[in-house]
Amino acid sequence: MADLRELYQEVVFDHYKKPRNCHRLSDANHIAEGYNPLCGDKVTVYLKVADNVIADVSFEGLGCAISTASASLMTEALKGKTLDEAEHIFQEFHEMVTCHDHVDHGDMGKLGVLAGVSEFPARVKCATLAWHTLQSAIKNRGKIVTTE
Amino acid sequence: MNLATENWQSIRETSTRRIAKWRQDFPILSTEVNGKPLVYLDNGATTQKPKTVIDAERAYYEEYNANVHRGVHTLSQRATDAYEGAREKVRKFINAPSSDEIIFVRGTTEAINLVAHAFGRSQIGRGDEIIVSTMEHHSNIVPWQMLCQETGAILRVVPINDAGEFLFDEFEKLIGPRTKLVGIVHVSNALGSVNPIKRIVDLAHSKNIPVLVDGAQAVAHLKVDVRALDCDFYAFSGHKIFAPTGTGVLYGKRAILERMPPYQGGGDMIRSVSFSKTEYNVIPYKFEAGTPNIAGGICLGVALDYVTSIGMDEIASHEHELLEYATNAIKKIPGVRLIGTAKEKGGILSFIIDGIHPHDIGTILDHQGVAIRAGHHCAMPVMERFCVAATARASFAFYNSFADIDTLIDGIHKVKEILG
Ligand SMILES: Cc1ncc(COP(=O)(O)O)c(C=O)c1O
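Residue numbers (this note's numbering), protein chains in the order written: chain A, 1 to 148; chain B, 1 to 420.
For the record, the hints were derived by calculation from the structure and aren't laboratory data. Be aware that one or more of the hints could be misleading.
[What the hints assert, rightly or not] Derived, one-sided and incomplete: chain A residues facing chain B with beta-carbon distance under 7 Å:
1) 4
2) 8
3) 38
4) 39
5) 40
6) 62
7) 64
8) 65
Note that the Cβ used here is the ideal one computed from N, Cα and C, for glycine as well.
Chain A on its own, in the form it takes in the complex (with noise of 0.2 Å):
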């Protein structure tokens, strides 16, 4: 049976409790908005590209525990990474939070916290909502993502 203590670990509740770079971006070049249908969480990615690095990034937005963290940690994750950094890293961590027997998140440093969310499948769409609404901003396609 999966353990709620390894979905909600320590680093999870801190990034919840005190999200990082939780605010608009006022010099954002890249904006998209998120949106989850089946719990109503929103969250708005902000982006500061410049010559293919992302200088910044932020997110506002309200949502669970999972969805939040999540954000707080992409965006730890992802400052100062190219934008093919950045999309690598996002399929390692897709794979890591969807894949029941992906074991060697060694590589994932703090954002291995979410591995756990493997477990819970109800719960993969809070994990990444943050970040295909990062992928919709690097397309800066503008419109609301959704994780359906």
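The hints should help you fit chain B with the ligand onto chain A, whose structure is shown.
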């Protein structure tokens, strides 16, 4: 009613004895979830099925599966008799005057869409108005919005107060010469509020305006008498009253149904077809194109027999006790706020916990075997009205026990312990 603890003790003992037998009728209630006995408190989403219903579904497929209204052979006749028998059971259950006023549909959603298409597109035009309330389920909002978009009609919304009660005064102000239909939920799925349907109908009828009632959350919990309510349409879903999914009912008064054009075209809804002229069938068949959910319809009849054997008054009084008990208990937990505190309430407890998202509440409760719903409950305008993105919702059925409520309350303490 505010009962002292010693009174609860005796109520609880009587109730535990009373429901023990009912619980045995539902095989799923003795399963485990996450290693814990299932405590099913998501009856607002769908109810569990008693063994008689499950057996009836099996019997249909094993013994007399055949299409209805289409064959001279024995099985087809048996299936038709059973299906039409179920229609009569529905009629009796909601005290409709005649069984041809009972239209079988897929569920409440389809029932409302049927009215929006057949009644709406023939009787509602540019500048006309449709009145609903803030506490409607999306299925009693979106079909009207679509109709308005197509026709240029206008949707008017009766607001609710902080307790989640329908504001009758505001309704009186909104209803006017352009109003063509009033659509109101009987019991709100997000708040539990029970609306004053009879008063609403009386006012609307004094101006010759028909009323549609969304009874999805009502039929399994209180006695519904469409003749006493005098409503023009009454919609409900079978799966919320212990019958299979994909079943539902639209009751409509004969006069209004007869004036309405068909909903979908196809087999069964016609009397004769030729390329020069097609004649439609009589009600209710005019609105039942294609092969229906035959087993489902038959099982809906079986489910209604089942609840009738227990008695709607008995069910309502038990659920009222549960609600009272649960409301008292949950109010004592610091940091918990109830959303929906109407004086007239059904067995629905929508709540939020300070600083904790309903989704996290749902996951942690699930871990203790407690199934509740977390989300906007397809009632986003209600969420907006109370300035929340979502709530956690426990919704009761007659098979829920006081012990179920205790497990819920313990679970909420656990949520606070883990996430607080
Ligand atoms: C008040 C209310 N109306 C309508 C519906 C829609 O019912 P269904 O999805 O069975 O069509 C529901 C069910 O969620 C409901 O609670």
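We went through each hint and held it up to the structure:
Interface restraint check for residue 4 of chain A: the shortest CB-CB distance to chain B comes to about 5 Å, inside 7 Å, so the restraint holds. Given the 7 Å rule on beta carbons, the hint for residue 8 of chain A holds: about 6 Å separates it from the nearest Cβ of chain B. The beta carbon of residue 38 of chain A comes within 6 Å of a beta carbon in chain B, closer than 7 Å, and the hint placing it at the interface holds. Satisfaction of the interface hint for residue 39 of chain A is found here, the shortest Cβ-Cβ separation to chain B being roughly 5 Å, below the 7 Å cut-off.
The criterion of a C-beta within 7 Å of any C-beta in chain B is met by residue 40 of chain A, whose closest approach is roughly 4 Å, and the hint holds. About 6 Å separates the beta-carbon of residue 62 of chain A from the nearest beta-carbon of chain B, less than 7 Å, and the hint is met. A least Cβ separation of about 3 Å between residue 64 of chain A and chain B falls short of the 7 Å threshold, and the interface hint therefore holds. Given the 7 Å rule on beta carbons, the hint for residue 65 of chain A holds: about 5 Å separates it from the nearest Cβ of chain B.
In terms of the numbered hints stated before, the structure departs from none.
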